[in-house]
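**Q** Next come the chains, spelled out residue by residue.
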Amino acid sequence: MKKWMILIGCMTMMGAMLQVSAQDFGDFSSQTLTGKAWEAYGKGNFELALTYTAKCKEMYMSEALKQEASLDAFPVGEGTHEYWALNDVGTCLFIEGQIYEKQKNITQALEVYAVVVNQLSFSQCWDEKGWFWKPAEASAGRIKQLEFDSLLD
Amino acid sequence: MCTFRIILLTFLFSLIHTSPLWAQGLGDAGPSLVVIEGDQEQGYRLMKNGQPFRIHGAGGSKYLDVLATNGGNAIRTWGVGPDTEDILNRAHAQGVSVTLGLWLGHERHGFDYGDAARLESQRAEVAAAVKKYRNHPALLTWGLGNEMEGIQNRGDHPQIWKEINYLAEMIKELDPHHPVMTVVANVNPDKVNAAITYAPALDILGVNSYAGAQNIGKNLKAFGWVKPYAITEYGLPGPWEVPHTAWDAPIEPTSREKAGFYFVSTKGILEDQQQCLGAYVFLWGSKQEATASWFGMFLPTGEKTPRVDATVRAWTGKWPANRAPILKEVNMPMSNQKVKGGQYIAVQARYADADGDALSYEWEVRRESTDRKVGGDEEAVPELVEHAVKVLDENGNALLSTPTQPGAYRLFVIIKDGKGSGCMDNWPFWIQ
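From first to last, the protein sequence lines stand for chains C and E.
Mind the numbering: the first sequence is residues 1 to 153 in my numbering, read in order.
Mind the numbering: the second sequence is residues 1001 to 1432 in my numbering, read in order.
If you're looking for bench data, these hints aren't it; they were derived computationally from the structure.
Some hints could be false.
Derived DMTMM-like pairs (lysine to aspartate or glutamate); straight-line CA-CA distance at most 20 Å [what the hints assert, rightly or not]: (1) E:K1218 with C:D24; (2) C:K104 with E:E1257; (3) C:K55 with C:E78; (4) E:K1328 with C:E128; (5) E:K1227 with E:E1169; (6) E:K1328 with C:E147; (7) E:K1062 with E:D1377; (8) E:K1287 with E:E1364; (9) E:K1328 with C:D149; (10) E:K1218 with E:E1329; (11) C:K134 with E:D1248; (12) E:K1131 with E:D1175; (13) E:K1132 with E:E1120; (14) C:K102 with E:E1329; (15) C:K134 with E:E1271; (16) C:K134 with C:E78; (17) E:K1221 with C:D24; (18) C:K104 with C:E68; (19) C:K104 with C:E63; (20) C:K134 with C:E63; (21) C:K129 with E:E1241; (22) E:K1221 with C:E101; (23) C:K43 with C:E137; (24) C:K102 with E:E1257; (25) C:K129 with E:E1169; (26) E:K1218 with C:E68; (27) C:K55 with C:E39; (28) E:K1318 with C:E137; (29) E:K1227 with E:E1041; (30) E:K1218 with C:E137; (31) C:K57 with C:E128; (32) E:K1318 with C:D153; (33) E:K1131 with E:E1085; (34) C:K104 with C:E147; (35) E:K1218 with E:D1190; (36) E:K1318 with C:E68; (37) C:K43 with C:D24; (38) C:K104 with E:E1329; (39) E:K1328 with C:E101.
Owing to the predicted nature of the structure, the values given are computational and were not obtained by experimental measurement.
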């Protein structure tokens, strides 16, 4: 029994070490963390993606909130990039919401979507197709969709 | 005496022609009086006969009883024709108001807004329609044109917008009691600027928008539109807005996904209580556009689908009395895939019915549509492949016998509850 306990403990530690080694925060910029979160999410590595989003929030949430407070409309054009923390933290939270949905953790998904809608409403994310999309609008849509799903099930 | 008779006859004749309600037997109902109250600061309200009127509308003129009994209060049409009076009367009988469409020529159909003779002719048609229907009690607003600004360009052609303004002024002179709205395909800064600059006589901007309908209000504000607006068509993303298969066939959302789109869009649009007067869901009926099930909220045989239920839920907070079946589980191994012809593939689609109704399943295979148009223009229904599906049971299991002719196909399943509700889904596949 004791041996089994030791074995399980070692495996858990190895798992944690592998997880840590898989993390690479790069230059720790919000842009890098968000990019890595998207990449891990796209590969289905949700736990890894969540470590990047968590790091992004930890480092840049307060700056994001300051930037949000300074706005009363969406920035446009090149000016959008000046709100880097707001944009990246808003996007990271949206990614978290998507992950929680896939993990069927609907309560937590709703919580993070609500933060985007209520506290990071002017965040924007550049789409490679050539435009900015708005995490708060997307989050508001997901909240309504989850409400609808709950009505069906 | 003779003069008196002439005067009397003239009076009676004019009474018949200026009081179509009397001739139509609509009882005591007089012309409707519709105004827009408020301003940008306080918010706008549509008022019909002194009462606030938020548009819970639908595009189409069928199934008005279903609309009226489930929280809908308005319909929108696209042009006048032989059936217009009947539509207005049926709407009035159900307590439903009408944004009456006045069709305007499209340049993509060959109409030239630089051709004075054609403009004169169009003006005469619009004036005749306004004179004919302005006193109908079901009339809510005039819907001046539909996407005539151009859907394949920026939609900011001054000549077109000046003509819209001319017509809006003309309509208001003929009928000061109903606001004038024009309808555009989505918005961009140039289009909105053209509307502001060249068409100040417009009261309302109607916007047809699919994937992003709930965000139109924010975009309009950002582009400088300060008057009220309505969403005049919305629903699910169009075939042009979704992922495609390797052979360029649009992948249609499932019935469950579609219902979600309608619920989310309806709630999202109606959240703007400042500038948005309401919205018209599309399409309260059925049509072939890419597929037979893309836009229609009813089956071609008349059953309402889960999209109707979802919209009603968003309008009223309640489900309709009888719910439509909706996709629950699916197993379509050939979906979005290239497969060999002449083989059997087991397929499964299970549907849930909230009322526990017994469901019937119909399966069919059709060629992929090749008669694709833009702007909702009429499309032909693709060819049916006979005997392509063998039904295995009444629980959604079937055997697909893949066609032997190479090319693009879709497998359709049509579900009915026998009580007026149904559902249709489809999955594209390619035969090598």
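**Q** When the structure is checked against the list of hints, which entries are broken? Sort them ascending.
**A** Failing hints, ascending: 1, 3, 4, 10, 11, 17, 18, 19, 22, 23, 25, 28, 31 and 36.
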